[in-house]
Amino acid sequence: MIKKFQNITSKSAPLISVAVICLLWLFVSEGELIAAYMLPSPLSVIKAFVSDFSILMKHAAVTLQEAIYGLLIGILAAFVIATVMDRFPFLYKAFYPVLIVTQTVPTIAIAPLLVLWMGFSMAPKITLVVITTFFPVTVSLLDGYKSADKDAIDLIRSMGGSKLTVFRHIKLPSALPSFFSGLKVSASYAVVGGVIAEWLGGFEGLGVYMTRVKKAYAFDKMFAVIIFISIISLLLMLLISVLEKRVIKWKNTDQ
Amino acid sequence: MKYLETKNITKSFDGKEIIRDISIYLEKGEIVSLLGVSGSGKTTLFNIISGLSAADSGEVFLEGESIIQKPGVVSYMLQKDLLLPYYSILENVSLPLVIKGKLSKKEAKEKASALFSQFGLEGTENKFPHQLSGGMRQRAAFLRTYLASDKVALLDEPFSALDTITKNAVHRWYLDIMEKIRLSTLFVTHDIDEAILLSDRIYILSGNPGRISHEITVKAKKPRSDDFVVSEEFISYKKQIFEALKG
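Those sequence lines, one after another, are chains A and B. Residue numbers for the first sequence follow our numbering, so the first one is 1 and each next one is one higher. Residue numbers for the second sequence follow our numbering, so the first one is 256 and each next one is one higher.
If you are wondering where the hints come from, they were derived from the structure by calculation, not from laboratory data. Certain hints may be false.
Stated by the list, open to error - Which bits of chain A does chain B cover? Going by a derived footprint, with three or more residues having C-beta under 8 Å, they are:
| hint | segment |
| --- | --- |
| 1 | 144-152 |
| 2 | 161-169 |
Said to hold, decoys possible - BS3-like mimics (lysine-lysine), calculated; alpha carbons at most 27 Å apart, straight line:
| hint | chain 1 | residue 1 | chain 2 | residue 2 |
| --- | --- | --- | --- | --- |
| 3 | B | K361 | A | K245 |
| 4 | B | K355 | B | K382 |
| 5 | A | K146 | B | K283 |
| 6 | A | K150 | B | K422 |
| 7 | B | K364 | A | K251 |
| 8 | B | K406 | A | K150 |
| 9 | B | K357 | B | K435 |
| 10 | B | K406 | B | K283 |
Ideal Cβ positions, reconstructed from N, Cα and C, are used throughout, including at glycine.
Generate the whole structure from the sequences, applying the supplied hints.
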């Protein structure tokens, strides 16, 4: 009974905090404590969202496409890089620092370069998403491979198993939980990565829409799109959580 | 010719000799213990016999054939049960059959599940390892070991992580099952009572580097009853081992 109660409170706690923030926002803007052109009221943001719904959806489809293609290519790249690096310790030593360095290069700084190199098509956007998403997945996979129990590896070897067998039965399954936590981080980067690339050149996508409404000083529309982007990112992370539960079934069985 | 035999095995790590001149043997169907303190090189020796690592010098023969650096011939069970948490018990147990590649996944599972009731594991087929008690997990790990090789099993302190009460039950179960399957076994332990209770013969490994200092044959007949551990005979073996360990 007490446990059930705790369960309800722990589930509703984040909802309450979000509601409080929204109410505070409503109070500050409707009470004109902050000028409406600086902080639009949540009501006008909702209105903007509803009136621009079809345009938002059209742009969202483009951004989502970039994000998902980029994320998928990023995962594939991460899988290949991490697996090869784990298999050959020499490559691990040689390229791990390089991997870290790629992450210190600010995304926003390379985005214009990508546009220069690749033009205004979808290619530079997808490339930017790949660059931002492959890293968390690579590192989490590498950590996951390293977390594999040495004794379990010896056990498989003592059965006459090859390196590939060890990978299939020990390394890969051991890396899955870590892989999914990395993937959640990457998913949140993916949509934002696409939007940033769109800021710097392009004809469609939520980033393009954002720059347009910004130039028109339509702050309510600006807020609507920002919140919309957050929601898309959250949904993507949710999707990955669902996937994780399906793949890692054994964690959901009770004692 | 002995069934399994090691001849003058010596091994060093980083210039430090761990074991020197180890020559032991195992007859078919025999249970032989290696008794010694931690750090006497028991695990090093097992790694060599199982084919996982090479010896600096010496040989290991199974039925007259060298098995040095040939993993997969004898099976190896460690103190940790090492059941893979993401596989069901049946998948875990049938894994060695799948890895050896002679059977398909389905055939391997059929072969393994036929042994579940004999090993007291019926009903656990589709459970995951964390749903089983420590004793049951050790049973499953032992069945997996048996399926990995029915020739020779190397058991490296397999029951030492269990609490005393569970351990007694597992010992009883183990002696029982060994009467049926007669698996030739080399058994590492630092538990004197366990060594006497389970073995036909005991080697005492001592010194630094580790060497075989004594060999004791436990003549008590099998199956051994519950009273064996409190019998005069048992105590006399224990005394003999204490003396041997003193040097």
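Now for the hints, and whether the structure bears them out:
A count of 3 residues in the segment 144-152 of chain A with a Cβ less than 8 Å from any Cβ of chain B is obtained; the coverage claim is therefore met, three being the minimum. Counting residues of the segment 161-169 of chain A whose beta carbon lies closer than 8 Å to any beta carbon of chain B gives 3, which reaches the threshold of three, so the coverage claim holds. For the hint pairing B:K361 with A:K245, the CA-to-CA distance comes to about 26 Å; that is within 27 Å, so the pair holds. Restraint check: the Cα-Cα separation between B:K355 and B:K382 comes to about 24 Å, which is no more than 27 Å; the hinted pair holds.
Of the supplied pair hints, the one linking A:K146 and B:K283 is violated, its CA atoms being roughly 40 Å apart against a limit of 27 Å. Straight-line distance between C-alpha atoms of A:K150 and B:K422 comes to about 26 Å, which keeps the hinted pair within the 27 Å bound. Between B:K364 and A:K251 the CA atoms are separated by roughly 23 Å; this keeps the pair inside 27 Å, and the hint holds. A hinted pair counts as satisfied when its Cα atoms are at most 27 Å apart, and B:K406 with A:K150 qualifies at roughly 25 Å.
With a C-alpha separation of about 25 Å, the suggested pair B:K357 and B:K435 falls inside the 27 Å cut-off, and the hint holds. The straight-line distance between the Cα atoms of B:K406 and B:K283 is roughly 8 Å, inside the 27 Å bound, and the hint therefore holds.
Going down the numbered hints, you'll see the structure goes against just number 5.
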